[in-house]
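Please model the entire structure based on the sequences and the hints provided.
There are 4 protein chains.
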Amino acid sequence: MSNFAISSLGKAKFDSPLKKKFGLSAKPFVSDDTRVLFNPVIGEKGNGNCINYAESFEMAGPRGKIFFNPDTVRCAIVTCGGLCPGINDVIRSIVMTSHYHYGITSILGIRYGYQGLRTDDEFPPVALTPEEVEDIHLDGGTILGSSRGGTEDIDALVANITRLGINILYTIGGDGTQSGAHKIAQIAASKGLNLAVVGIPKTIDNDISYIQKSFGFETAFSIAVDAITSAHVEAKGAPNGIGLVKLMGRHSGFIAANATLAMNDVNFLLVPEVPFDLDGPNGFLAHLEARLLKRHHAVICVAEGAGQELLSGDKELERDASGNIKLQDIGVYLRDRINAYFKTKNIPANLKYIDPSYMIRSAPANPSDSIFCTLLGQNAVHAAMAGKTDMLIGSWNNIFTHVPIELAVSTRKKINPDSHFWYNVLQVTGQSPNMRN
Amino acid sequence: MSNFAISSLGKAKFDSPLKKKFGLSAKPFVSDDTRVLFNPVIGEKGNGNCINYAESFEMAGPRGKIFFNPDTVRCAIVTCGGLCPGINDVIRSIVMTSHYHYGITSILGIRYGYQGLRTDDEFPPVALTPEEVEDIHLDGGTILGSSRGGTEDIDALVANITRLGINILYTIGGDGTQSGAHKIAQIAASKGLNLAVVGIPKTIDNDISYIQKSFGFETAFSIAVDAITSAHVEAKGAPNGIGLVKLMGRHSGFIAANATLAMNDVNFLLVPEVPFDLDGPNGFLAHLEARLLKRHHAVICVAEGAGQELLSGDKELERDASGNIKLQDIGVYLRDRINAYFKTKNIPANLKYIDPSYMIRSAPANPSDSIFCTLLGQNAVHAAMAGKTDMLIGSWNNIFTHVPIELAVSTRKKINPDSHFWYNVLQVTGQSPNMRN
Amino acid sequence: MSNFAISSLGKAKFDSPLKKKFGLSAKPFVSDDTRVLFNPVIGEKGNGNCINYAESFEMAGPRGKIFFNPDTVRCAIVTCGGLCPGINDVIRSIVMTSHYHYGITSILGIRYGYQGLRTDDEFPPVALTPEEVEDIHLDGGTILGSSRGGTEDIDALVANITRLGINILYTIGGDGTQSGAHKIAQIAASKGLNLAVVGIPKTIDNDISYIQKSFGFETAFSIAVDAITSAHVEAKGAPNGIGLVKLMGRHSGFIAANATLAMNDVNFLLVPEVPFDLDGPNGFLAHLEARLLKRHHAVICVAEGAGQELLSGDKELERDASGNIKLQDIGVYLRDRINAYFKTKNIPANLKYIDPSYMIRSAPANPSDSIFCTLLGQNAVHAAMAGKTDMLIGSWNNIFTHVPIELAVSTRKKINPDSHFWYNVLQVTGQSPNMRN
Amino acid sequence: MSNFAISSLGKAKFDSPLKKKFGLSAKPFVSDDTRVLFNPVIGEKGNGNCINYAESFEMAGPRGKIFFNPDTVRCAIVTCGGLCPGINDVIRSIVMTSHYHYGITSILGIRYGYQGLRTDDEFPPVALTPEEVEDIHLDGGTILGSSRGGTEDIDALVANITRLGINILYTIGGDGTQSGAHKIAQIAASKGLNLAVVGIPKTIDNDISYIQKSFGFETAFSIAVDAITSAHVEAKGAPNGIGLVKLMGRHSGFIAANATLAMNDVNFLLVPEVPFDLDGPNGFLAHLEARLLKRHHAVICVAEGAGQELLSGDKELERDASGNIKLQDIGVYLRDRINAYFKTKNIPANLKYIDPSYMIRSAPANPSDSIFCTLLGQNAVHAAMAGKTDMLIGSWNNIFTHVPIELAVSTRKKINPDSHFWYNVLQVTGQSPNMRN
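Residue numbers (numbering that gives the first Met the number 0), protein chains in the order written: chain S, 0 to 436; chain E, 0 to 436; chain Z, 0 to 436; chain C, 0 to 436.
It should be emphasised that the hints constitute simulated quantities derived from the structure, not laboratory data. Keep in mind that the hints are not guaranteed to be accurate.
If chains are identical, the list can't say which one is meant, so a pair holds when it fits in one copy or spans any two.
Under the rule of at most 20 angstroms between Cα atoms (straight-line distance), these lysine to any residue pairs were calculated in the SDA-like manner [to be verified]: (1) K19 <-> S189; (2) K412 <-> N397; (3) K412 <-> S30; (4) K212 <-> F28; (5) K182 <-> S409; (6) K344 <-> N239; (7) K64 <-> G429; (8) K18 <-> F122; (9) K190 <-> D138; (10) K12 <-> T118; (11) K18 <-> D31; (12) K212 <-> I398; (13) K10 <-> R73; (14) K412 <-> Y422; (15) K64 <-> N397; (16) K413 <-> P27; (17) K18 <-> N423; (18) K212 <-> K413; (19) K182 <-> L406.
This one's a predicted model, so the numbers in the text were calculated from it and none came from an experiment.
Here it is as structure tokens:
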């Protein structure tokens with residue numbers, strides 16, 4: 000069971016305050032022995048006995064015994080990386096659960112991500128209370144502010160964490176953030192610090208492995224649907240109209256694929272997992288031309304990480320005034336290439352480019368995500384108070400789980416082009432499964 | 000494995016057209032031996048070997064061999080019961096999958112539920128084509144119309160089904176509808192008819208057992224959140240303001256509970272699963288008074304099936320002008336009782352009553368439900384074409400499953416008042432877990 | 000010009016702080032001599048010289064000279080009557096304008112309407128600052144709370160206003176509220192008090208005369224459109240489906256008529272201005288039956304004040320358990336009468352009743368109303384600081400005006416059944432212009 | 000009255016079918032002598048007699064006598080230029096009014112703007128019927144398709160109009176479109192053709208003179224508000240966060256200014272009417288830096304036509320790979336200049352750029368705009384049937400008017416930087432009124 004095992008700070012010796020507080024029997028408490036199967040599908044290869052006990056997650060939930068003394072423990076929350084719907088819901092839930100379930104009074108909010116944890120001179124941590132977070136779930140973004148990076152000097156981070164007297168660090172962030180959290184936990188362990196590091200995985204792209212669903216993802220693809228509708232209206236509103244929508248998805252095309260499935264208006268979906276050529280008789284541009292000649296309008300949806308190999312190939316052509324190579328955007332690149340293509344072909348096309356990224360990232364969580372965030376936050380507090388560390392709160396088979404950070408960041412979740420899921424996308428778009436020469 | 004076993008019309012002997020159509024390898028096809036565990040949680044009772052193979056679902060998905068000849072098969076879709084977001088999405092998906100995946104050309108839409116199946120004189124079935132259903136997912140309701148009941152004479156239904164030459168009947172409906180479908184399947188089997196009956200469970204209340212999530216449910220509680228927000232604004236807008244929202248939930252309070260969790264503004268949640276007294280020192284009215292005296296406003300959310308025992312007790316008082324007993328509504332009843340209580344107490348309260356039911360039922364599916372409906376419809380067609388019958392398409396551990404109708408309608412899914420879920424609701428509302436004397 | 004004349008507390012002797020603050024020339028200031036024509040249409044009767052100078056409004060806007068000293072003036076805001084989108088926007092604007100334009104520091108918020116002004120023991124006034132009101136426009140309702148009535152003892156109100164040291168009273172409310180404000184202003188004048196009473200007319204029904212548009216009205220009918228869409232979906236979803244929507248409109252059917260015009264789905268619109276019979280060969284029920292037999296579904300929209308004469312006629316039949324006459328609701332009444340009618344006729348009809356009133360009243364203002372509220376609030380402060388009193392801020396020909404309260408409350412604005420507006424409604428619904436026997 | 004005079008094709012000799020159809024008295028008909036004052040404000044300069052009868056509009060509405068025979072008249076609708084919310088509403092209204100009010104049966108829809116009128120080979124006109132347009136108002140865009148330009152050869156357009164037998168041409172479009180319509184009307188008049196050309200002014204920017212409000216404008220700025228909210232959330236979510244929103248507004252900043260007024264989150268609003276410097280001690284960048292140092296976040300809203308003089312000055316620096324001058328976008332330009340500025344200053348700023356243009360243009364009309372579009376379409380039909388030509392339907396003082404095209408396109412409506420309106424914007428943003436050195 001090695002790589003599914005969860006680290007612990009030590010023996011949990013305090014009775015959980017939840018016992019008294021709500022007159023609960025022992026039943027709602029979850030034992031560390033309770034596990035959730037990684038693969039609940041059996042018999043696939045004609046063998047009914049294929050349960051792999053080694054591949055199961057520790058189940059999340061409140062423990063009867065806790066590690067930290069609620070009266071003295073000091074918690075901190077840090078939010079890192081790009082915005083994602085639901086961050087404020089998670090912050091709110093951690094504060095509310097800490098305060099009302101466990102009676103914790105010392106909860107710090109770190110400003111602007113790891114940057115604010117590295118140096119708290121300019122933006123010192125703020126005290127978080129139930130009053131202050133009561134309504135923050137109604138707004139998008141993060142009340143703490145966020146930033147990228149800041150993990151260059153983990154020792155400095157740990158030193159500052161120690162200086163601030165923090166016992167529990169909740170890290171709300173993606174891949175990089177949680178890798179940093181893992182290093183913080185490792186160094187803290189090596190120094191014998193009583194520091195629990197519990198991450199809440201934030202990836203609007205839903206691309207973290209061993210986590211079936213990340214918060215904000217559903218809100219994200221739901222709003223993306225509106226951008227596709229706009230692209231469709233614009234495409235039909237002009238002769239040879241083309242609506243081009245760029246959506247999030249650096250490594251995985253889940254947002255774009257789900258939005259495509261939900262609305263049924265996309266004719267070409269381009270994702271990082273399925274490479275394509277632009278030129279040549281079986282390239283994307285030829286397919287687009289064929290569609291345009293036949294139907295006079297087309298909607299294209301591209302995930303930001305799609306076709307990166309095309310961009311790098313053209314790199315030399317794209318330099319800014321100072322001679323520096325300009326990092327190009329697949330959306331803008333496609334827009335320019337499509338326009339150039341039809342100009343050459345003397346076909347007057349009308350391309351409208353839509354990039355709704357920040358309008359999606361900054362949205363508040365929808366009600367479904369809002370509940371999900373509340374439960375993530377609760378389970379994070381339960382795990383941390385029980386002395387778990389170096390782990391994330393995951394969701395698997397609709398059950399909340401503990402996932403070792405190393406396992407989660409070891410590989411990225413991607414669309415499988417051989418799956419029913421992708422097959423359904425092809426069905427909806429009607430596009431060729433193979434646009435390579 | 001008895002009661003999880005799926006009935007079949009016979010040996011599937013045709014090659015699936017999906018094989019050729021999309022150049023797929025055999026991989027995407029699902030074998031009948033592939034099963035999804037009912038309980039993916041292990042070790043709960045200190046025993047790692049507790050997998051119950053007998054309790055697993057047949058996994059849904061396309062089969063390599065199919066039972067019906069796509070060229071000759073005739074399908075029909077019937078929608079029954081109250082409206083629910085996503086019905087049109089399911090209709091659309093069945094038509095699209097039948098047409099584009101299997102090449103089926105004969106698809107009938109039955110008008111107004113089983114009533115239209117019983118007698119098609121006034122409202123004859125309509126032919127459903129891809130063109131006709133292309134945009135119907137943008138609208139709420141059902142393009143076919145629906146009705147309640149109509150299952151009094153199953154033999155007549157089967158006779159008409161035979162007369163219309165229907166081979167596959169897709170039944171989109173709830174408990175009663177699917178019980179009717181079960182009977183249709185049984186009688187058809189007893190008569191040796193080649194009739195596949197495949198249900199898509201429709202319950203806005205999400206109360207069908209062995210089905211983790213029913214379509215439209217998420218859309219429903221998401222819209223319910225708006226009604227709660229309104230009640231909160233009204234409650235705070237007047238001295239001793241009370242906002243009372245009645246939501247759907249005849250037997251189970253899931254919609255009300257999820258809306259409550261998502262918004263955090265409800266102070267009292269009343270559901271069918273947790274009985275309560277109105278009067279007495281520990282009754283609801285006393286708790287409400289205490290809240291009002293302390294905070295000067297309160298938001299109450301009641302599921303329509305809550306407190307039924309209270310209503311029946313008062314039945315005698317409620318007769319209409321003709322002397323007939325009037326079936327009372329818990330929302331209206333509570334409204335009147337609360338008003339009367341505070342009048343008696345000489346506390347001027349301002350109650351505002353909100354019943355958003357039809358505004359929720361008639362809404363189009365949100366993007367998440369829309370995708371879910373699309374996949375339900377696809378899997379229904381895959382199952383029916385493979386000759387499966389007397390079954391529903393379910394969702395379990397995020398995997399689509401085949402569920403025997405009898406199993407699904409055998410018992411109702413309800414909120415467990417001892418669960419974490421209910422505990423979380425109590426946390427959010429701050430209400431007493433026990434309002435009985 | 001008599002009844003269009005605005006009362007004044009006396010000579011405005013202070014220079015407006017706006018002069019210095021923004022380096023403005025004298026131009027943006029409005030002179031008291033600038034007036035807005037009541038009727039900008041000329042020549043209607045073949046006579047080009049029909050301008051009636053006597054019928055013109057004093058134009059609103061900042062004055063170069065002001066009556067109150069900003070350093071010492073004390074203002075108060077009171078919100079009365081039912082909720083309406085935009086109240087918080089008006090409060091916010093009054094506070095912001097008072098603070099940032101005029102440098103006023105003493106602004107009181109009266110809790111719960113005139114009740115809070117009458118006795119401030121239980122709910123004392125709160126101090127309103129820019130920080131406190133900064134984001135209130137994002138929420139519906141009123142942060143101050145509201146109440147109905149409270150004008151029984153005007154002398155007591157004036158006494159308390161004096162005790163609180165209030166120089167300017169902003170009254171946000173409808174007909175009754177402004178009648179009360181008028182009396183307050185009269186008594187204050189008779190006592191020689193330096194009290195400016197400036198009203199911001201709040202009527203979600205848009206039924207105040209000499210005011211072309213009241214705030215929140217547009218938001219209201221825009222949301223009402225959603226209820227009509229729901230009714231339409233429900234009506235089409237069942238055999239002989241009837242969707243019945245009750246909307247606000249005690250004396251005037253503007254909300255219902257505008258929602259009807261915007262969506263085009265209503266088949267029968269019933270408003271207070273156009274009486275109708277229920278029974279008889281040309282009564283509404285006969286028309287409804289004809290429609291149902293022909294089209295099998297119908298959408299009815301009724302304003303709450305429609306058909307009051309029908310209700311009073313039936314009064315005797317409707318008594319509660321204690322024998323008291325129950326004030327009946329036209330929506331519920333119509334629902335019951337329609338159901339009874341079709342039951343008698345043995346036509347199985349499916350009526351769904353929707354009452355979205357509180358979901359409309361509690362909504363935040365839409366962007367258009369939000370701007371309108373901001374400008375209303377600004378002009379209210381300009382008027383009050385100039386010493387105007389016993390007046391409302393109106394909107395006429397898209398220009399803000401000063402309207403004497405007495406003029407505004409003298410008569411109610413109603414739909415003219417001979418107008419193009421009503422003719423357009425009849426066109427959209429296709430209903431008979433006359434449903435009387 | 001010269002330049003307010005409306006051209007006419009000749010004496011209206013047919014009785015209007017509206018007389019019989021709805022049993023109306025003569026009252027609802029509008030006489031050509033009825034006029035709407037351009038300026039309803041009097042006495043501004045101390046002179047009560049300042050009414051200028053020469054400056055008044057002919058009032059719109061149905062005439063008792065009409066010029067065209069409804070049985071034989073052939074109408075056509077053409078939609079030109081960029082998309083705007085409400086075009087489908089106007090199309091729908093013209094078709095419905097022509098059909099149901101006047102009994103007209105021949106209504107053509109021209110595909111893709113003047114391009115489709117010039118040559119109808121590829122995209123022939125479509126017949127428009129009530130059935131076809133019944134639900135089109137629910138979708139954004141134009142069912143006819145649109146295009147830019149196409150007015151190079153007016154004679155060819157007139158020839159094709161004649162060939163198609165069109166008697167009434169409804170032109171839905173902006174400045175350029177209506178200038179083309181004017182030329183068509185002139186040439187048709189010179190040739191003695193019985194062609195009525197009636198325009199419905201479409202300008203999402205609301206920048207056409209003598210037209211107080213253009214359709215779609217309110218919907219546009221309402222949606223723009225969401226983009227500003229997103230920018231605000233993003234700006235607060237990062238250290239030195241900057242949210243930059245580019246909105247429509249080639250010559251006039253009304254959309255940006257109204258969105259700014261509605262939401263109160265913008266710190267800098269840049270419009271075409273108020274030039275600004277970027278560099279220098281009083282330039283925009285210095286002001287932005289000051290704000291950032293003080294408040295750590297900033298929201299900027301820029302209309303697309305703002306700062307054009309800055310772009311042209313830099314033109315030489317901006318060439319594409321082929322050496323062609325790249326037409327630059329003020330939004331992208333500002334983004335790059337701001338980023339460069341703070342890089343030079345070594346201040347780590349986080350700019351997020353949002354361009355919601357096509358998501359706004361493609362939206363369906365909100366209910367208020369929907370009603371407005373319906374009335375515009377009705378009045379267009381009334382005017383055309385009465386034989387009016389070379390005119391637009393306008394809105395003035397909330398009354399519909401006839402506006403000579405030449406008058407409307409003679410000058411552009413712009414924000415007056417000396418007005419209260421702009422003063423209010425400055426108040427809301429807190430920006431310096433003058434950002435020039």
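For this session: Could you place K64 and N397 in one of the four classes (within, between, both, neither) given a Cα distance threshold of 20 angstroms?
Result: This pair counts as neither: shortest intra-copy Cα distance 25 angstroms, inter-copy 32 angstroms.
Problem set entry | Intra/inter-copy verdict for K190 and D138 if alpha-carbon distance must be at most 20 angstroms | neither (39 angstroms within a copy, 50 angstroms between copies)
Problem set entry | Copy assignment of K412 with N397, given that the CA separation must stay at most 20 angstroms | Both: 17 angstroms inside a copy, 16 angstroms across copies.
Exercise. Can you tell me if K212 and F28 fall within 20 angstroms by alpha carbon in one copy, between copies, both or neither?
Worked result: Classified as neither: same-chain Cα gap 24 angstroms, cross-chain 25 angstroms, threshold 20 angstroms.
Exercise. Is it within, between, both or neither when you check K64 against G429 at 20 angstroms Cα-Cα?
Worked result: Cα proximity of K64 and G429: none, with 56 angstroms in one copy and 24 angstroms across.
Exercise. Checking K10 and R73: alpha-carbon separation at most 20 angstroms within a copy, between copies, both or neither?
Worked result: Within one copy only: 19 angstroms inside, 63 angstroms across.
Exercise. How would you classify K18 and F122 at a CA-CA limit of 20 angstroms: within, between, both, or neither?
Worked result: For K18 and F122, the Cα distance exceeds 20 angstroms both inside one copy (38 angstroms) and across copies (39 angstroms).
Exercise. For the identical chains here, do K212 and K413 meet the 20 angstroms Cα criterion within one copy, between copies, both, or neither?
Worked result: within (12 angstroms within a copy, 25 angstroms between copies)
Exercise. Between copies, within a copy, both or neither: which fits K344 and N239 at Cα up to 20 angstroms?
Worked result: within (13 angstroms within a copy, 46 angstroms between copies)
Exercise. Quick one: K413 to P27, C-alpha cut-off 20 angstroms, is that within a copy, between copies, both, or neither?
Worked result: between (35 angstroms within a copy, 17 angstroms between copies)
Exercise. At most 20 angstroms between C-alpha atoms: does K212 with I398 qualify within a copy, between copies, both, or neither?
Worked result: Cα proximity of K212 and I398: in one copy and across copies (11 angstroms, 14 angstroms).
For this session: Pop the pair K12 and T118 into one bin, within, between, both or neither, using alpha-carbon distances up to 20 angstroms.
Result: Close neither inside one copy (34 angstroms) nor across copies (56 angstroms); limit 20 angstroms.
Hint check: violations occur at hints 1, 3, 4, 7, 8, 9, 10, 15; the rest are consistent with the structure.
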